[in-house]
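Trainee: Residues per chain, in single letters:
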Amino acid sequence: MPKHIASGLKYLAALELVRDGYSQKQISKMLNVNKSTLSHYLNGRNISLGSIEIAEIVREFSPRDFLVFTDAIIEDKEATKTIVKTCLVNKYSVEVKDSCIGCGICVDTCLIDAIVLDDLKAHIDSDICCGCRICAEKCPTNSINILEE
Amino acid sequence: MAANIKEVKAKDFNVERSAEEDRELSFKDESCVGCGVCETICPVGAIKLGSVGAIVRNDIDESKIEIDEEKCVLCGMCSVGCPVDALEFTVDGTPISEIETYPKLISSAEIDDDTCIYCKACERACPREAITVARQLPDRSKLVTGEIDIDKETCIDCGICEEMCPADAITIDQKGPEDFDIAVDKDKCVYCLVCKKACPVDAIMAACRTCSYGEYDLDPKDAEVTGKALIDDDACVRCGWCEEVCPVDAAKVEKPFEGELNLDLDKCTTCGACVDVCPCDVLFFPKSSAPATLDDKLMKDEQFCIYCGACENVCPVEAIDVKRTGIKCTPTKSKSWQKSIDSLKTN
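Listed in order, the protein sequences are those of chains R and B.
Positions 0 to 148 (numbering that gives the first Met the number 0) are the ones given, in order, by the first sequence.
Positions 0 to 346 (numbering that gives the first Met the number 0) are the ones given, in order, by the second sequence.
Only chain R is shown next, with the shape it has when bound in the complex (with noise of 0.2 angstroms):
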């Protein structure tokens, strides 16, 4: 069943690049998904319409519920990035305040690999974050802002 509901937001993601113009070769390998399969699934074949109406309810989820869920059962980090990328919509402007002191749990929590420290800073690479907040949440000294567009 999990595996139905990764193959679900796949078909999702793969639909978003496929608009986004990324061919199929790109997106096999943004997907980690073998070149066959993605076809059948933009193809709308061997996949269970149930699997997209529930992907479909899970890309409504907050950003942060997505995210650990697609994380939780997609088990590859570039693919998790991708879907969460392609299938959020909102952007997000992420602002580090200088009461940072570089501890890197921020680093460590994103799920997405949006961060990293440069001069015992945190950097946030807002293109790439989700807006899960997780990183806010931990933060020892309150020092990350992350605001929607």
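One should not assume that every hint holds.
[To be verified] Facing chain R, from chain B, some residues (calculated, C-beta under 7 angstroms): (1) A18; (2) E19; (3) T39; (4) V43; (5) T100; (6) K103.
[Said to hold, decoys possible] The calculated SDA-like cross-link candidates involving lysine to any residue, where the alpha carbons are at most 25 angstroms apart (straight line), are: (7) K2(R) with A71(R); (8) K70(B) with K76(R); (9) K76(R) with A18(B); (10) K334(B) with K76(R).
[To be verified] Beyond 10 angstroms from chain R on every Cβ pair, some chain B residues (computed): (11) E20; (12) P42; (13) L73; (14) E161.
Hints in this document: simulated from the structure, not taken from any laboratory.
Virtual Cβ for every residue (Gly too), placed ideally from N, Cα, C.
Please arrange chain B on chain R, whose structure you already have, making use of the hints.
Mentor: Okay, now just chain B, sitting in the frame of chain R:
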């Protein structure tokens, strides 16, 4: 997220978090002076200074600091603030003192071997027993001003010279009633001529090296003391005693903090906790200068103070005020780190 793992070994501990990076904080109680700088600088209140007064007096057997690994975020600030390197912080196995982005206190203690005469004054003065002077002394026989020889034909085997020799350099090997060997150990003989003066039969001849030409044939190289002065960085607290006592200015010490140490002798109850905790032998009780004289209750040699604040922390009556006015530290681009380092200054 990976949780912190704490490992306690006697009074030492390690806190570790392994995820994107391996971060590890290690505490060595032996190096810790109980100053509480780590407690002050910790941004998350994870470090608590123990009952240092009781610990240094061996009333209780505990670690000088405690860390709450649930609170610790492994940022490394305590390690940077610690003036005595009792807390080491590593990222992916590299100590942050070697990572450029982290600031570090500027302090050092060095003994220049080229200048050092290996007199061991520093070794005796060091309050932390951090200095070891390993020296090789010159060959004594090369430094004595002459040598003696015993004419065995004249010698009557009386043994007076053997008994009187202050350096135990003469041995008589008695083989039979009239059969003996007498020998002078040139490594031991210091050419004091006691034997020659004591010999009842004038059997001892002396050949002086400060010969009739008035020249002394001692080669200065033969008198050279060689060696090496070693400072144990883990034990050294950069107090400056070695620099002060060194007769040839071979020791150089740079302290990380500048400040002032003020004693309020009206409040002092002479409990001695500060004297016991001070890692630098700065504080001491004066010896009575004369009978029935009332001296100061407590005295200080402030030039050796590192302004760590351990004495102020243990004083039960707030009779000590340690002001830190300057922190010597390498620069950091992080404003929060700069702020934390500056917070070690007292107002």
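Trainee: Compare the structure with each hint and give your call.
Mentor: Tested hints:
no.: 1; hint: A18; result: 4 angstroms, holds
no.: 2; hint: E19; result: 5 angstroms, holds
no.: 3; hint: T39; result: 15 angstroms, violated
no.: 4; hint: V43; result: 5 angstroms, holds
no.: 5; hint: T100; result: 5 angstroms, holds
no.: 6; hint: K103; result: 12 angstroms, violated
no.: 7; hint: K2(R) with A71(R); result: 11 angstroms, holds
no.: 8; hint: K70(B) with K76(R); result: 29 angstroms, violated
no.: 9; hint: K76(R) with A18(B); result: 15 angstroms, holds
no.: 10; hint: K334(B) with K76(R); result: 33 angstroms, violated
no.: 11; hint: E20; result: 6 angstroms, violated
no.: 12; hint: P42; result: 5 angstroms, violated
no.: 13; hint: L73; result: 6 angstroms, violated
no.: 14; hint: E161; result: 75 angstroms, holds
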